Amino acid sequence: MFKDHFIRVEYSEDHQDVKYENLLKKAANVVPVFEVLGRASSVLYRATRQRAFFRSVTVVLPAHWSSSRCPRHFNTTAPPIFQPAITIGRPHPVYVHMPWTLQVGGCGKPGRTIYITHEYFSDRNLSDSLGDPGRVLVQEWAKYRWGVFEEYGHPGDPLYPAFHRTPTQSHTPTGCSNVPVQGSTVHCESHRESSCRFSASASGNDEVTSSLMYLHHLPHVTQFCDGSSHTSTSPTKQNALCSRRSVWEVIEQHPDFANGSNPAGDPTRDVTPTFMYVRPAPTRYVMVVEDTTVMNLQKRWEFLRKAVRKLLVYDVPVGSAVGVVLFDHVAKVKLPLTPTPASLDERQRLATSSLPRNPSRIPESQKCIICGLEEAVKMLEKYGESAAGGVILLVTAGSSQPIVTHDLRQLEAVIKRKGVRVVPVLYPVTGRNPQPVSGIENLAQISGTESFAVLDEGIGMDGKVSMMVALMDALYGALRIFIPDPNTLPLVVHKKEFPGGIGSISQGSFTIDESLGGQVRFALTYYDLGHVGNMINLIDPKGSSLETLNLQEEDGDVNMIFVTVQDALAGEWLYRVENRADSHQSLFVRVLATPRPANTTSSASSHRDSHAVTISAWTSTTSTVFNVSNVDDPVLVHAQVTCGGAPVVGAKVEASLQRLGFNSTGSHYEPHTFLLFDNGNGDADTTKNDGVYSRYLPSFGTSDARYTLSFILTDNDATAQVIMPSQQAPSPRPGIYVNNHHSYSSQMGSSSIQYTRTRTYAPAWPRCCGSVVPYTTGRPTGQLSRTLTVGVIDIVGGKHSSIFSIPPSRIGDFRAEINPSAQHITFYWTAPGSNRDHGTVANYEVVFSREAPSTAQGTGEMTNDWAKPFLVGTASSHTVIWRRHDGVYYFAIRGVNHEHEPGPWSNIVEVFMPHPPTTTEINTRGSTQGGPVGGTVGELGVTTPQPSILTPRDIMAIVGAACAILVVILMMTVYYLIVITRRRRQQQEKKAIEVLEPATTTPAGCETDSETNSITKPPPPPPEALAVGEAEVTGKRSLSPIQSWPASTLLAEHERRRPNDSPDGGDGGGGELALHHPDLGVPYMPNVHPVHPHPFYYHTPNGHYIEDNLAMDTGSMVSTQPSESLLVYKVDTSASDSIRPPSSSVTPTPVSWEGGPRQGATKVPPPTPPKPTLAAHLTLGGVAASPMGTERKRRNVTQV
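By our numbering, the letter at position 91 of the sequence shown is numbered 97, and the numbering carries on one by one without gaps.
In case anyone wonders, no lab produced these hints; they're calculated from the structure.
This structure is a prediction, so every number in the text was calculated from the model and none was measured.
Don't take each hint at face value.
As the list claims (entries may be wrong) - Pairwise CB distance ranges, derived in the manner of DEER restraints: (1) Asn-265 / Arg-367: 52 to 60 Å; (2) Ser-176 / Ala-828: 17 to 25 Å; (3) Gln-259 / Arg-856: 44 to 52 Å; (4) Lys-805 / Pro-369: 31 to 39 Å; (5) Ala-963 / Leu-557: 50 to 58 Å.
Glycine included, every Cβ here is placed at the ideal spot set by N, Cα and C.
Kindly produce the complete structure, drawing on both the sequences and the hints.
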């Protein structure tokens, strides 16, 4: 029997066309709420084999419903303290009017709530098209209460397809039934299409009695699949997440039925539930504050008074009742329960009388917490009919001593018996490193709330303003638990601390998204008013500076300055504050905002409604003590991001664990942050794109400590978007429902319960929930920023040895894609972590076999040479070649960490590789065979790893390798050019030495006075040569005159040797001169054939000659720096300057300047010839007279 669950009926202003009172009474074409719940109770009783039904149902009506319009009698009181089991509200953007359950935990874990729309109840034709409403509700109740999952496939789903292959059939509808189901496929050209569906026949299925999680719309289906009828090979969500156990097997292990609980009852028992209708009254808040000497140190009491005043004046909604109780060794009422006035002046007067100026002198050891709670309960009962639903904010010192067990049991008894909700706020926590203790935090666990803690940060006899700000944030977070509506309690979009004593100007920015901006309040908190300068500037997203002087509101009673902006522009705002705080104090900035009105014409688009993006967070356990070394029961952290009920996907949700206390340097501990995922990995996160971001709590290898858990939400670089409806809901179908419809009967007799079906089951929308929410349309959220603190948690077990035995997380989204043409299979999965879903695994293990149960247990052929693991949360893939065509194979994968701890086996995927086609066409797109067609490790050993993405480390490695290869190639090229070229040059020089050895030489030791010898043994170089060259090196072979002498010296020596030469050759004839040719270091080359004026022959290093027939300037010739090889040219001086024959080819003789074995790096200065006065033509090795004058003119020998 389920007495502790109730239904909340939400009614929003955008559904005014619906007559809500019809939901509670019988009317034509209307299915009343009480009729659906009554029908569901009888179906549930039979499905659970007479072991469970709804005994009582509490319907919580909207607060604005009037008694004159409601057909049922209701009480105005506080609602029960538990979360609603069923919420009736607006349509889902994807599922629209299909009832659905938000499930965030694994198998056997309860869901969050069941969602049903108003239209589902108000239009009987709509609800009838989705099947018996009672059975629909039982299907969702099983998900919500017992943590089971649907047993039908989803068209187009990558993990849970609508059709799958079996060893005997090419395609079979995914599901679970006790006997085969008769039916046909609709909208199918291929069974892998997303439009392809299976439709069960209206007749011929009388023997089908299960499963309610699959075929609830068939008239004889009244049972869940059990061990005898369960199909463990179907790729259903139930099989994937519940280790292939049947639905009934999971239900029987729930505490509702385990160990013989709730035995079977009488089949004819009346199971009609009783209904109670409640309209919620305004929330009543009672602050119970400790008043002992522990509050008398430093400025603890002063900070407490200011924080309570701020709560009463600025935070508590108008109309809520507020009271204050003080306790030391006794309890006393300081402020009776009083409705919160709307006027600011009246609220300030109310807050002034809330707390005395000074605390009492009663020691902390004598405090009586139970006295304060009992007095608060009396106050709640006096103000209302009962204390149930009242909220008690308990502010007491966080002692390191645990509460006596007897006192703790008394506190728990009061809370359970009276039905109140308690939020403990530990102020102050005085330990340097607070340790987890069994204290009043347990009261939060009992009443389903959170606890908060404020660390003591006093300095000597003074206190830091950070304590006061932390206490204000804790009280605000406590209110947020009970006031989720951002229109009533503004959202915190930005908060930041600016330490004093650093700079005179503190600046920052905050973001107002398009859903916010109705009212933006910029709050600046200080220790002393003198710590805030005169400048407080706000700059809007358009760059305009906002004049805040007339907008500033100072409240010295709470040490705050407010700047309120109405209808604020969406975008990034900047602020600058003059900071004059002391070095041990700070300034704190808080920015709060409310949703923008729906009819605003601000920067937001006109189609935006007034719903703001909100974030809520919780953990998978109600306990406040988390043992991270518990391998069997890990803790999950969840955060849900929505906008008006629609999921927000693609956002960045970052959780932060801030350890309370101080490290060895006296500073705060660095926070530990980790991202949450909405990737549908099938383990921590069960459904992708449902707006719920999840991850395991990390395991700390530290000592036991207390942490504050908070969350930061951003738009993730403009990738966040709100899921929008992709199609319009169908209009009501009049006249479908028959007149002879029979309402439900609560008696389970022989006549049974008859439900008249008048149309085929044909839902117009996708059914929840699959592995991914199949949305097609989304709108960007724009710039987004939210912060949320959920309270204090105790983390223990970090030093336990079992922390090293924590395995990797389970891979729950294993799937495969088949490419029959290439005989390839590509497997896809999300990378797990080495420590659950934190870190990176060391390697993967893969098992496959022909039997699904064997594969699920890790039995079969194994391989572990798959792709290198990536960081947790990364999409991974691996491609293999598979040439087995003998049937269906089943595959599973798991990760192994560096401690060799294997994780659980993944979901099973099935694969069938057809024979390759006869054509050579290659299908590069592949096939998923209806979704999660599993991959195989082909022939085992032929694998081709294909990582899905390149990480920055991979990119850096690739670039580095490419650069290294280029450097090696470059070095080899340079080496080749230098070494090979030098080697060739040396060979050429060696040949030149052999050919060009001087014809006249003087043997060593011989003396001669010949002119030739004077050149062969040249005199010391002239002064100009020594001035620009290097010192003469003795003991080495001397250079030839042409190599070492300047042109002027050569000319002088030539004239000395031929003083009597005449222009006509000595005999007056014009024939060739018979000259004596001295040995100048180069061979004599007589002119055998006539040479034309100016052919230039360039001797290149490779031994080739290039002819240049450019006309020679008869003016001066300037010598150049000698090169490695001589560029030889010949000039014929016998021809006239004016009459020159055409040029012809001659064969030059190569000359090397390195004729001998030169040692060292001796350099020869370049020759510097004098500028000639007349044009002359020189033939190397001799001088010819010019025919144009009798004066003897000589031109210097030059080099080019």
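Here is how each hint holds up against the structure:
no.	hint	verdict
1	Asn-265 / Arg-367: 52 to 60 Å	holds, 54 Å
2	Ser-176 / Ala-828: 17 to 25 Å	holds, 21 Å
3	Gln-259 / Arg-856: 44 to 52 Å	violated, 30 Å
4	Lys-805 / Pro-369: 31 to 39 Å	holds, 35 Å
5	Ala-963 / Leu-557: 50 to 58 Å	holds, 56 Å
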